[in-house]
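**Q** Chain residues, written in single-letter form:
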Amino acid sequence: MLYQAVALLVIGLAVWLLVHNTHENLRGRGIQSGFDFLGAAAGFDIGETPIPFSPADSYARAIWIGVLNTLRVALIGILLTTVVGVLIGIGRFSRNALVRALCSSYVEVFRNVPLLLQLLMWYLLFVEVLPPPQAAWQVAGLIYLSKGGLAFPVPVWGAAHLWGLAGVLTGLAAGWGWRRWAQRQFELTGEERDRVWVPVLAVLLCAAVGAWLGGAPGEWQVPEQLPFAVDGGASATPEFLALLLGLVLYTAAFVAEVVRGGIQSVGRGQVEAAGALGLSHRQQMRLVVLPQALRVIVPPLTNQYLNLTKNSSLAVAIGYPDVVSIANTTLNQSGRAVECIAIIMVVYLTTSLTTSAFMNVYNRRVAIKER
Amino acid sequence: MVVDRFHPIAPRPAPVPARGWLPWLRQNLFSDWRSTIATVALLAVAFCLLRDVAQWAMVHAVFAPDAGACQAARGVGACWGVVAEKYRLILFGRYPFDQQWRPEVATALMLAALVVSCIHRFWRPWLAALWALVLATFFALMGGGMVGLAPVRTDLWGGLPLTVMLATLAIFLAFPIAILVALGRRSGLPAISVACIVYIELVRGVPLISVLFLASFMFPLFLPQGMTVDVLVRVLIGIALFAAAYMAEIIRGGLQAVPRGQLEAAATLGLGYWQTQVKIVLPQALATVLPSLMNNFIAIFKDTSLVTIVSLYELTGALGLALNSDVEWRPFKIEAYLFITAIYFGFCFAMSRYSLWVERRLDAIRSR
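As you go down the protein sequences, you meet chains L and U in turn.
In terms of the working numbering, the first sequence opens at residue 1 and continues consecutively.
In terms of the working numbering, the second sequence opens at residue 1001 and continues consecutively.
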């Protein structure tokens, strides 16, 4: 009891001292405080904006754009990282020694170099090695890559795409039905039916039929090479691409280690027992090892996702306008250090806590059900 | 009956035990057609890549610090001349040129002390004394102002000494905080455990950059008026407090792995809380999590590169300092980046190998 009272007193005193000092200092230096500056015109322009923005718009809108940019790179990054990381993690158990060596050297190299350095290098490569926009590298006149970034076609919404989407949904439903049926059959008879390719084919087929019904190919906005630039279609800036590439390759090394650790945590006896039951290598992996490994993998995987999100703050070093970068500009312009840093922290705290809440729910679902 | 419908599959041939390199090749590179394709394709790609890289990095490369020759070889060969020309600026930042033997000696001392600390046989009380001595010498050498050494302000410190110093001191500072916070989080006193949980979750929820901004912009506001703290110290405290939260979670994992029986046995022997923790719980807990702690140390070492964003010129920042304003050498930044990449990689790789070695030794001790 005494300890607690002392601890509380010390913490309270420290907090009071900090707040008091800060207040005194702010007043002493004539710095205004408060969040009223958020309504003022920002006065700077932002390189890439998912929603319209002009320098006359408010600081609040600028920071909101920063948040959107952070979320955009984090979400796409998490998806890609999962794919790359899982592939490399599983690759370390390949029967081919070269694949194993390749995967482990990938992990060693990317894990042991600071992310900031990797980002700076990728960005440098993007602006040095890639050709200028006048002579962009292109793939079949559809995709262009140059110092100006990556340009790719996007559909203009029309009947074909709508029907195609409807086809995808039908295909998904059909594929899901097939998987359920295959599972039932497996449980009843022990006979394995394909559960991956049939649904994939169903989705593709339904999408094609749908698009054809709607009058494919429909309208696409395709980028084209102009004398001095690439125009049209959708585009991604070199800053975004460098940040995404750096984050994905770096985090994938850690995800690969998480996956490897999870798979190794499943006892040898489990694999040997599965082999003794006559399950093939693939079946052993899918039916015995992975379901048990998943439980070990999910918590550290969540941490890696959160790390990726937090590491996206390094965008400030290569000029991608994420929330830190914009808040930093705001800080330099308005001088409201306390408020701007508070905004950065609140944004990240919110995303972190939300992600871990979601992952906790998932974790509870895959956790061991003890009976 | 459902069971009737199962029909047994034919037994597979028993595995043939094989030794020697030929069976090894067959099993690991050519076990079936897919493996064979992968082997051939990977070998082909590796051959082409290695050939190109060797051409660029060795055959057509320029090793002399000659900007003209580098310019001529641009696009075909690497310009290692940039490293030969700028390595002092990259390694020591803006530290006065004629005094650079001081950071050299200081860093060598620090690294030697780190290596000594990695050897289990030397984990004796004198190691603490050695560290006190090494740190005192380090700061005396770097800062000067005594025994005839010219004083050098901390904003001139840079490069590798700064990286090594920040990482080492951050670990030293963070470790005791982490232990206290981890114990606090597990303690039965609600006020203390809640305070520790809030600290851990708050720090782990935000990126290091925001903590560095805090240290560099806001920290001066926290202090009473008229009091200033060197920016190096502020950043160091920031990194240490940040690292401590992660370390505390790792140590907590170790604390949880100590069996209850140990605590009960300690209580039976009449040990108090601190005696139990220091003599019984912590040694076991720390031994369990040593590999994770090493990973955390590697992360701290890599994270020191972020201080360049708040204008401290450690290795990454010193490189920018050396090249950004030099039009002649700026085109060869990628080679310079590769140079410091190799330095970072060397340190981190050594640490991760050491961690693996410790892990194996621990396993060997446990399975005895």
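What the hints contain is simulated information worked out from the structure, not anything from laboratory work.
Only a predicted model underlies this, so the values are computations on that prediction, with no experimental measurement involved.
Just so you know, not all the hints are guaranteed correct.
One-sided excerpt, in silico: chain U residues whose CB lies under 7 Å from chain L [stated by the list, open to error]:
no. : residue
1   : A1010
2   : N1028
3   : Y1199
4   : V1203
5   : F1219
6   : P1224
7   : T1228
8   : S1305
9   : Y1337
Only part of the chain U face toward chain L is listed, based on derived beta-carbon distances under 8 Å [stated by the list, open to error]:
no. : residue
10  : I1197
11  : V1206
12  : P1283
13  : L1286
14  : V1310
15  : S1311
16  : T1316
Ideal placement from N, C-alpha and C gives every residue a C-beta, glycine not left out.
**Q** Against chain L, run the beta carbon of U:L1286 and see if the smallest gap drops under 8 Å.
**A** Interface hint status for U:L1286: violated (20 Å vs cutoff 8 Å).
**Q** Under 8 Å is the threshold here; is the Cβ of U:S1311 close enough to any Cβ of chain L for the hint to stand?
**A** With a closest approach of 12 Å, the U:S1311 hint is violated.
**Q** Should the interface hint for U:Y1199 be scored as holding, given a Cβ-Cβ cut-off of 7 Å against chain L?
**A** 10 Å, violated
**Q** Would the hint on U:I1197 be counted as holding, given a Cβ-Cβ threshold of 8 Å to chain L?
**A** It is violated, given that the least Cβ distance between U:I1197 and chain L is near 13 Å, above 8 Å.
**Q** Using Cβ atoms only, decide whether U:N1028 comes closer than 7 Å to chain L, and label the hint accordingly.
**A** With a closest approach of 4 Å, the U:N1028 hint holds.
**Q** Classify the hint on U:V1203 as holds or violated, based on whether any CB of chain L lies nearer than 7 Å to its CB.
**A** 10 Å, violated
**Q** Is the interface hint for U:T1228 satisfied, with its Cβ closer than 7 Å to some Cβ of chain L?
**A** With a closest approach of 11 Å, the U:T1228 hint is violated.
**Q** For the restraint on U:A1010, tell me whether the closest CB of chain L is nearer than 7 Å.
**A** 9 Å, violated
**Q** Does the interface hint hold: is U:P1224 within less than 7 Å of chain L, judged Cβ to Cβ?
**A** 6 Å, holds
**Q** Any CB of chain L closer than 8 Å to the CB of U:T1316?
**A** This hint holds: U:T1316 lies near chain L, its Cβ roughly 6 Å from the closest one there, short of 8 Å.
**Q** Measuring from the C-beta of U:S1305 to each C-beta in chain L, is the shortest one below 7 Å?
**A** 4 Å, holds
**Q** Tell me if U:P1283 is really an interface residue toward chain L, meaning its C-beta lies closer than 8 Å to one of theirs.
**A** Given a least distance of 24 Å, the restraint on U:P1283 is violated.
Consistency with the previously given hints fails for numbers 1, 3, 4, 5, 7, 10, 12, 13, 14, 15, ordered from lowest to highest.
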